[in-house]
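Listed here are the chains, written in short residue letters.
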Amino acid sequence: MSDPAHDHPLLSVEGLTLAAPSLGVDVVDDLRFHIGRGEFLAVVGESGSGKTMAARAVLGLLPPGIQRTAGRILLDGEDLAAAAEPRIRALRGAAIGMVFQEPMVSLNPALTVGAQLAEGLRLHHKLPRDEIRARSLEMLRRVQIPDPERCLAAHPHEFSGGMRQRIMLASVMLLKPKLLIADEPTTALDTLVQREVLDLMVELARDHDTAVMLITHNLGLVARYASRAVVMRQGRKVEEGQVGEILRRPSHPYTRNLVDALPRRGAAATPVSGEPLLAVRSLRVEFGGRGWLRRNRRRVVAVDGVDLDVRAGETLAVVGGSGSGKTTLGRAVLRLAKANGGEVRFRGRDVLGAGGRDLHDFRMGCQLVFQDPYSSLDPRMRVGAIVAEPLRHLPGMSDADKAARVRGTLEDVGLVGFDARFPHELSGGQRQRVAIARAIVRHPAFVVADEPVSALDMTIQKQVLTLFRALQRRYGFACLFISHDLSAVEEIADRVAVMQSGRIVETGTVAQIYDAPSHPYTRALLEASPTIDLTRMLESAA
Amino acid sequence: MRFRLNAVVGAVLIGLVLAAALMAQVWTPFDPMKLDLRARMQPPSAVHWLGTDEFGRDVASRLIAGAGTSFEISLLTVAFAMTVGAVLGVIAGFLRGWVDRVLMMLNDALLAFPGMLLALGLMVVVGASKYAIVVALGLAYAPTMVRVVRGTVLSIREREYVEASRMIGNGEGYTMARHVLPNCIAPIAVLATSMFGWVLLSESALSFLGLGVPPPAPTWGNMLAASRPHMDTAVWLSIAPGLCIALTLLGINLLGDGLRDRLDPRMAVA
Amino acid sequence: MIGYLIRRLAMTIPTILLVAAAVFVLVRLIPGDPVSLLLGEDADPAQVIELRASLGLEEPIPVQFGYWLAKVAGGDFGVSIASDRPVLPLILQRFQVSASIVIGAVGLAVLVAVPAGLIAGWKQNRGVDFAIVTVATLLLSIPSFWLGLLMLLVFGIKLGWLPVVGYVTFGDDFWRALGYIVLPVATLTMIEIGVLTRMARASAIEVMRLEYVTHARAKGLAEWQVLARHVLPNAFAPTWTLVGLILGNLLGGIAVIETVFTLPGLGRLLVDSIYARDYPVVQGCLLFTAVIYVLVNLIVDLCYPLFDPRVSAE
Chain P
16 MSDPAHDHPL
26 LSVEGLTLAA
36 PSLGVDVVDD
46 LRFHIGRGEF
56 LAVVGESGSG
66 KTMAARAVLG
76 LLPPGIQRTA
86 GRILLDGEDL
96 AAAAEPRIRA
106 LRGAAIGMVF
116 QEPMVSLNPA
126 LTVGAQLAEG
136 LRLHHKLPRD
146 EIRARSLEML
156 RRVQIPDPER
166 CLAAHPHEFS
176 GGMRQRIMLA
186 SVMLLKPKLL
196 IADEPTTALD
206 TLVQREVLDL
216 MVELARDHDT
226 AVMLITHNLG
236 LVARYASRAV
246 VMRQGRKVEE
256 GQVGEILRRP
266 SHPYTRNLVD
276 ALPRRGAAAT
286 PVSGEPLLAV
296 RSLRVEFGGR
306 GWLRRNRRRV
316 VAVDGVDLDV
326 RAGETLAVVG
336 GSGSGKTTLG
346 RAVLRLAKAN
356 GGEVRFRGRD
366 VLGAGGRDLH
376 DFRMGCQLVF
386 QDPYSSLDPR
396 MRVGAIVAEP
406 LRHLPGMSDA
416 DKAARVRGTL
426 EDVGLVGFDA
436 RFPHELSGGQ
446 RQRVAIARAI
456 VRHPAFVVAD
466 EPVSALDMTI
476 QKQVLTLFRA
486 LQRRYGFACL
496 FISHDLSAVE
506 EIADRVAVMQ
516 SGRIVETGTV
526 AQIYDAPSHP
536 YTRALLEASP
546 TIDLTRMLES
556 AA
Chain G
13 MRFRLNAVVG
23 AVLIGLVLAA
33 ALMAQVWTPF
43 DPMKLDLRAR
53 MQPPSAVHWL
63 GTDEFGRDVA
73 SRLIAGAGTS
83 FEISLLTVAF
93 AMTVGAVLGV
103 IAGFLRGWVD
113 RVLMMLNDAL
123 LAFPGMLLAL
133 GLMVVVGASK
143 YAIVVALGLA
153 YAPTMVRVVR
163 GTVLSIRERE
173 YVEASRMIGN
183 GEGYTMARHV
193 LPNCIAPIAV
203 LATSMFGWVL
213 LSESALSFLG
223 LGVPPPAPTW
233 GNMLAASRPH
243 MDTAVWLSIA
253 PGLCIALTLL
263 GINLLGDGLR
273 DRLDPRMAVA
Chain B
41 MIGYLIRRLA
51 MTIPTILLVA
61 AAVFVLVRLI
71 PGDPVSLLLG
81 EDADPAQVIE
91 LRASLGLEEP
101 IPVQFGYWLA
111 KVAGGDFGVS
121 IASDRPVLPL
131 ILQRFQVSAS
141 IVIGAVGLAV
151 LVAVPAGLIA
161 GWKQNRGVDF
171 AIVTVATLLL
181 SIPSFWLGLL
191 MLLVFGIKLG
201 WLPVVGYVTF
211 GDDFWRALGY
221 IVLPVATLTM
231 IEIGVLTRMA
241 RASAIEVMRL
251 EYVTHARAKG
261 LAEWQVLARH
271 VLPNAFAPTW
281 TLVGLILGNL
291 LGGIAVIETV
301 FTLPGLGRLL
311 VDSIYARDYP
321 VVQGCLLFTA
331 VIYVLVNLIV
341 DLCYPLFDPR
351 VSAE
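Chains as they are written, first to last, in our numbering: chain P, 16 to 557; chain G, 13 to 282; chain B, 41 to 354.
If you're looking for bench data, these hints aren't it; they were derived computationally from the structure. None of the hints are false.
With a cut-off of at most 20 Å between alpha-carbon atoms, the simulated EDC-like pairs for lysine to aspartate or glutamate come out as follows:
1. Lys353/P / Asp319/P
2. Lys353/P / Glu172/G
3. Lys353/P / Glu170/G
Work out the full structure, taking the sequences as your base and the hints as a guide.
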C-alpha cells in the first residue's frame with residue numbers, strides 16, 4: 016500500500032542518535048520517523064523518553080551537554096544535520112517553527128510584543144515596517160487577542176498564560192512555516208484554555224498547510240488531534256502507527272501501560288449515612304487589601320461562601336481551574352490559611368475558632384499531602400525520620416512501637432528499606448509516596464490531598480493513585496482530593512464538587528457529574544478534557 | 013564530594029595565612045617591634061627574608077604578626093556581625109509584624125550608610141584600638157547580615173516542608189529549630205565567608221588611613237601606609253604587605269566561590 | 041509606572057530622615073560637650089551662647105533633633121573649626137573631585153565588564169570563560185590602595201609618565217587635569233571591572249537558561265543578535281543594581297584612593313577632619329555622603345523599569 020506521506024515526507028528522521036557524554040548515556044537511540052506535508056504527528060512519551068531532545072535536534076538547538084552522534088534529519092530531502100550554520104538559521108522560523116511549554120518565560124519580558132512579532136518577519140522576509148505591522152495585527156486578530164493595537168505596544172507580563180501562548184502561536188505562524196513543532200504547549204494551562212489554544216493551533220496549521228509535530232505525554236490530546244503517533248521510551252521508538260490503532264490495539268507493552276494508565280471509573284462506594292465527618296458552611300476566604308503602600312489593591316475573594324460535606328471513608332474531589340479557589344479551600348479547612356467567615360466542623364466540633372487543646376486534637380485527626388514532591392520534604396532529614404516525625408505527638412508510644420509503625424507504613428507505600436535515604440536521592444513518585452506515608456502514619460480520619468500527582472508522569476500517577484485508593488480502603492480515612500483535571504479524579508472519587516471563581520457550582524456522585532452534568536461550567540470542563548473523550552471511546556470499543 | 017580547583021587553591025592560600033597568624037602567637041623570625049637602627053632599609057637578604065623597614069624592623073616578622081592581628085580582628089568582627097545579624101534576623105523573620113517593621117527600619121537606616129563610612133563614623137565615637145575596630149566594623153557590617161538572615165528565614169518559612177511541620181502539629185518553636193534554621197545555614201555560611209574578606213579589606217584600609225590599629229603594632233594596612241614616603245628607594249616595603257592582603261583576599265574569594273559552586277552548580281566554571 | 045515612581049520617591053523621605061537621625065545620634069555620642077566639639081576649645085563665648093540656643097541644648101533630645109534638622113535642611117552645616125569656612129560649600133567643592141573619579145571609573149568599568157561578563161556566560165565552562173573569571177577574581181582581590189600605590193610606582197616614579205601629586209580642575213586646564221586623574225580612575229576601574237564582570241556573568245547565565253532565549257534562536261537569530269537583543273537587556277538589571285551599591289561604597293571608601301594620589305576629595309576631607317577633631321566637618325561629610333548614597337540608590341531604582349518592565353507593574 017503506497018503511502019504518499021511516506022514516499023515524499025516533509026520531514027524524515029533517520030537513525031538519529033543523541034548522546035550525553037558527561038552522563039555516559041544515549042538520550043535518543045536510533046530514532047526514525049517521518050511526517051508528511053500537512054500531517055499531524057504526535058510524539059508520545061513520559062519524562063526521560065528523549066522526545067524533547069529529538070525535537071530540539073531537528074532545529075539544531077541541542078543544549079551544551081548533548082551531541083548528535085549519528086543519523087540524518089531530512090527536511091524536503093535536505094539533511095539539516097549536515098547543513099552549515101547560516102543555512103540552519105535561515106530555516107529556523109521560516110521553514111520550521113517551534114512553540115514551547117512555559118508561556119510565562121517563552122516571551123522576552125524586556126521587549127514589547129510588537130518587537131518580538133516583528134523580529135522573525137524582518138529577519139526572514141525583510142519586509143517594510145508598515146507591512147510587518149499590518150500582518151502582525153491581522154495575525155493577532157486571527158488568534159483572538161482583544162485590542163491587537165494595544166497588544167503590540169504592551170509587554171508580555173501584562174498577559175495571562177493562555178494569551179501568551181496565543182501570541183507565541185501568532186509569532187510562529189506569521190512566518191508560515193512548513194512544519195510546526197509544539198513541545199507540550201499546553202501542559203501549563205488550564206483545561207478550558209488548553210482546548211482553545213490547541214484548537215486554534217490546528218486551525219492555523221490548516222490555514223497554511225503546516226505539518227504539526229506535537230510532543231506530549233497526554234494520550235487524550237493525541238487521540239483528539241493527531242492522525243499518527245510515535246511512542247518513545249528511554250530514547251527509543253517503541254511503536255508507531257495510526258492513532259486509532261495504537262490506542263485501541265497497542266502492540267508494545269509500554270504503549271499498553273500508557274493506555275492502561277488512563278483513569279477509569281472506579282467502583283462506586285456505598286454511600287455512608289449519618290453525620291458528615293467534616294462539615295463546611297458558608298466558608299469565606301479573602302486576600303489582599305490594606306497596608307499603606309497597597310491602599311488601592313482590591314480584596315480578592317478566593318473562597319466565596321462554600322458549603323461541603325465529607326463523610327467518613329469517602330473521597331470527595333474538588334475540581335476547578337486555576338483561580339477557582341480550590342487550593343485555598345483545602346488550606347482553609349485545615350486552618351493553614353485564615354478564613355474570613357463561615358464555619359468548619361470536624362466530628363461536630365468547631366475548627367476555625369479552636370485553640371490549644373482542641374486545635375491540637377484537630378491536627379491529630381487530619382493531614383495534608385502537598386502538591387510538589389520536591390519541596391514538601393525537608394531536604395536535611397532522612398526518609399525514616401520524616402515519616403516518624405508525626406508520631407512524636409502520640410502519647411504512650413514507645414520507641415520500639417514507633418519504629419514498628421514507621422516500618423509498617425513504609426511497607427504499605429512500597430518503600431521498604433528506604434529509611435536511610437535522603438529526599439534528593441528519590442524520584443518524584445517515590446517522594447510523593449514518602450509524603451503519603453507521613454500523612455497516614457498516624458492513621459488520621461481525614462486527609463486533604465492537594466493535586467498530589469499533577470507533577471508526576473502518567474504511569475507513575477496511576478501507581479500513586481492506586482496506592483492511595485488501596486490505603487484508603489485499608490485504613491478507612493476520608494479524603495478531600497483537590498485537582499484541576501476532571502479526568503484524573505474519575506478513578507478515585509466517590510463524589511465530586513466542581514468549583515469556579517470561589518463557588519461550588521455543582522456537587523454529585525461520580526455517575527451524576529460525568530454522565531449527567533447540569534451546570535454549564537461542568538459541561539464545559541468535561542468537553543474540554545480530551546482524556547475523558549478517549550476513555551469513553553476506549554470503553555465503548557472494548 | 014568533588015573538590016573544585018578554586019576551592020582547593022583558596023583553601024591552601026587561607027591555610028597559609030592562618031598558619032602564619034597562628035604562628036605569630038608563638039614565634040617569628042625576629043621580634044616585630046624591635047628596632048635595629050643599624051639595619052635600616054635593607055633589601056631582602058638571607059638574614060632578613062623580606063628586608064627591613066625604616067626603623068630596622070624585620071619586614072617578614074611584621075607581616076606574620078600583622079597576619080595574626082588582621083585575622084583576629086576579622087574573625088572577631090565576623091563573629092560579632094553574625095551573632096547580631098543572626099539573632100535580629102531570626103527575630104524579625106520569625107515574629108514579623110511590628111517587631112519586624114521596626115527592626116527593618118533601623119536596619120535600613122544603617123544600611124543607608126556605605127560600610128566604610130559607617131565604620132569611619134563609629135571610629136570617631138569609639139576611638140582607635142583593636143576592640144574599637146571590631147565594634148565599629150561589626151556594627152557597619154551587621155545590617156547586611158541581618159538582611160540576609162531575615163531574607164533566608166522568610167523564604168524558608170514559606171517552603172512546603174515547613175507547612176508540613178505545622179500540619180503535623182509541631183509548635184512554632186520546634187518548627188523553627190528543627191526545620192527552618194538548619195536549612196538557613198548554607199546562604200549564611202557563604203555570606204560569612206564573603207564578609208570575612210570585606211572586613212579584612214576594611215581593616216587594612218582603616219589602618220592605611222591611620223585610623224585603624226595604632227602603631228607600632230603592625231598590620232598590613234599601616235605597613236603599606238608607612239611605605240609611601242620610601243616608595244622609590246625601598247620598593248619591597250610597598251610590595252610585600254599589599255601582596256599579603258591581595259593573596260589573602262584571593263584565597264577568601266576562591267573559597268567563597270567553591271562554597272557557592274557546591275550549592276549552585278549552574279554558576280560554576282569547570 | 042507613575043505609581044511606582046511616586047511610591048519609590050515616597051520611600052526615600054523616611055530613609056533620609058532616618059539617616060539624618062543616625063548621624064545626629066552618632067555625633068551626640070562623641071564624648072564631650074556638643075558645643076565645644078562644634079566650635080573648638082577656645083571659642084568666642086558669645087558664639088557659644090548663640091549655638092547653645094540654636095541647637096536647643098536645654099530641650100529634650102527629639103526637640104534638639106528638630107532644631108538640628110531644620111538647620112541642616114536649610115543648608116547650614118556649621119563652620120569648620122580648622123579653616124573657619126562654612127562646611128557645606130567646602131564639602132560640595134571636594135565632592136566634585138570625588139564624584140568625577142568615581143563616576144568616571146564606574147562608567148568605564150561597566151563598559152568593559154558587561155560585554156566581558158556576557159561573553160563569559162555565553163561560553164560558560166570554556167577557555168574564554170575561565171580566563172575572564174580568573175582575571176576578574178584577581179582584579180577584585182587586589183586592595184585598591186595597593187594597586188594605586190603600584191600604579192603610582194610604575195607610571196609615576198619609575199617611568200615618569202604621569203604626575204605623582206596634585207590636582208587641577210577640568211575647568212582650569214583640561215589636559216593637565218586629565219593627567220592627574222588618569223591613574224586614580226584607572227586604578228578604580230580595574231577593581232570594579234573585577235566585581236561587575238562576575239555579576240554580569242552570573243546574570244547572563246541565569247537568563248540564558250530561560251526559554252525565551254531558546255525561542256529567539258528558534259526564530260533563526262544569529263547568536264550575537266540573541267545576546268544583544270534578548271540576553272543583554274534582561275541580564276543587565278541585576279548588574280545595574282550592583283552599580284548603585286558600588287557607587288555608594290566607593291563614595292564611602294574613596295578616602296584611600298585620595299590618600300594614595302593626594303587628591304583633594306571628600307574622603308580625604310573626612311579623614312583629615314577626624315584627625316583634626318573638626319567635628320562640624322565630620323558631621324557634614326557623614327550626612328552628605330549618606331544622603332547622596334540614598335539618592336544614588338533612588339536613581340538606580342527609578343531606572344530599573346527601563347530594563348525590567350515587570351517591576352513597575354507591582
